[in-house]
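K.L.:
Line by line, the protein sequences give chains W and H.
Quick note on my numbering: the first sequence kicks off at 1 and runs consecutively.
Quick note on my numbering: the second sequence kicks off at 1001 and runs consecutively.
Don't take every hint at face value.
[What the hints assert, rightly or not] Among chain W residues calculated to face chain H with C-beta under 10 Å, some are:
no.: 1; residue: 46
no.: 2; residue: 83
no.: 3; residue: 134
no.: 4; residue: 136
no.: 5; residue: 152
no.: 6; residue: 156
no.: 7; residue: 159
no.: 8; residue: 321
Hints were generated in silico from the structure; no laboratory data involved.
All residues carry an ideal CB built from backbone N, CA and C; glycine is no exception.
2 protein chains.
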Amino acid sequence: MAISEFDLIKDYFNKSGLIPTTEQSARIPLGIGDDCAVIDLPPERLLAVSMDTLVADVHFPAKADSGLIAQRALAVNLSDLAAMGAEPLAFTLALSLPKVEEAWLQGFSLGLEQMIQKYRCPLIGGDITKGPLSITIQVHGLLERGKILRRDSARPGELVYVSGELGAAGLAVSLLGNGMSLDKPDTKELHSAYYQPVPRVILGQSIAGIASAAIDISDGLMADLGHIAEQSGVGIVLNAKAIPISKAVKNFMGAMGDKSKGLNLALTAGDEYELALTVAEDQQEELQQKAAEINVPLTLIGRVVKGSRVKCLDSDGREIDIKNSGYRHFS
Amino acid sequence: MAISEFDLIKDYFNKSGLIPTTEQSARIPLGIGDDCAVIDLPPERLLAVSMDTLVADVHFPAKADSGLIAQRALAVNLSDLAAMGAEPLAFTLALSLPKVEEAWLQGFSLGLEQMIQKYRCPLIGGDITKGPLSITIQVHGLLERGKILRRDSARPGELVYVSGELGAAGLAVSLLGNGMSLDKPDTKELHSAYYQPVPRVILGQSIAGIASAAIDISDGLMADLGHIAEQSGVGIVLNAKAIPISKAVKNFMGAMGDKSKGLNLALTAGDEYELALTVAEDQQEELQQKAAEINVPLTLIGRVVKGSRVKCLDSDGREIDIKNSGYRHFS
């Protein structure tokens, strides 16, 4: 049966649960269906925008569950809003599909809906085209003037923190890359770390105006702190013992006889979507209090110094040799 | 040589001529290089956003000149801003590339730069990924409150106008689809109609607040007026004799012995990027004056009526049988 782009939009995307609620419509006077969507920004707010593409068999297995693909696609974009301290407002979606499969689209639409409801970030427009499976999302978020978590504002003497635990998503990527499935009982945590990363949206907003700089860990902890170091013109020294390694990774690597039990993975693996941030010493207490209020674990992992490099030292003060410096799309 | 995403961005995209000028930075306090770009909307303006994807060998020949691909990708997006009456502000770009080719990227970057300079619409962020060649652009534009060219606000009794001439881009698509080249001297106009469509950005802004509804012709005149008819709850009757058919099309079709000389093409071909609009009779004079001031030809082609269909009548009042109803991505 021939089906048009317009039918696809109507059946799977332009529907209640995905589009703005009546209340959200005040900020989105025009959503899906016109040449453009229209955003009405509240006074004294800035708009943060970020765009990320996920390509089949590059960023996810083409045969993965479409609901999980949708969740992951929106999560990685929301993570960029989190890293700026922005409140999610709305997103646009460009979906390229090789063919129309009802079950796939149904699952994709449902996966989006769950994220939209959870993060109050409705769909306001986009494009559906025929082509190799690929998803591009642009998220839009609200920022308070003067409370923007940039990358270029870390200063020597400040402390470096990271949220959550690291390594599980990276291990999942590595297993998937070797053609392994994550559907077994002992890889359950790796599966959800990869497909359903939790963007630190509330944390980002809570610490905006307190942290001096922040970034989400999409390229790997060392590489992403490298972006802060480069853009701020500083160095960063990490304490290897303090790096919070995921329990799932410790167990898995331990069983494999790996003595370092995942430190390298935690330092270099991308796709984590935790926040790494810097904070002035006298703001440390307020930072920890904010994180405690929302039950997000924050770990002190290092210090901003004069210089230009990111290094990680062991308990004897020796620099740890890092095996790779994070995900590089074209290396 | 291994090259990272960051190097690609630095070498081809994050550079003067593409990014915001000092003056534009007032509206874009943060561009490429952080987790998000930041837009500072002027008071009393709304933000229009639109996203379009162009996939290689679906929306353009994969081997086409990369500068032309870039120009076309930005033009079709700017056309959506034009159709809302929005002033271009900035755009984001998601580029999927199968491999890194310096000459291709150089040409693409230069093609973007020409459009950016012409339409004063700088690049503020995006994503570069490895994958099948595909370009997704989101444009952002400024709207004046109360001067938005929607699709759902045409009323019976109003007049229907179209800008420019129709059919050349459609004929180009059809020739390209049959594997023909557009590089010969007699297809020069078709080549530029397809690769370098002129988005009616100034026209859109000039008639915002005067026209009652507008749309850009990306799916075909009849199909796009069908969107206005459906969303406004009206019918539209076109006068076949009045439809402005491109001279290049008339010549080409005439040489092929086609008696209708391109009318069907002008009515149904997509990718035209002219504006179709409706206007109340008492605003007609002001509309024509605005178009004349900026030297854009506008042709009166029909009338909005009660009903729900778009039809085109010949000079005897008989309905013309349309051979297809515009581009459908999944038919």
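K.L.:
Now tell me, hint by hint, if it's right for this structure.
P.N.:
Do the hints match the structure? See the list:
no., hint, verdict
1, 46, "holds, 5 Å"
2, 83, "holds, 4 Å"
3, 134, "holds, 6 Å"
4, 136, "holds, 4 Å"
5, 152, "holds, 8 Å"
6, 156, "violated, 20 Å"
7, 159, "violated, 20 Å"
8, 321, "violated, 19 Å"
Against the hints set out earlier in the document, violations occur for numbers 6, 7 and 8.
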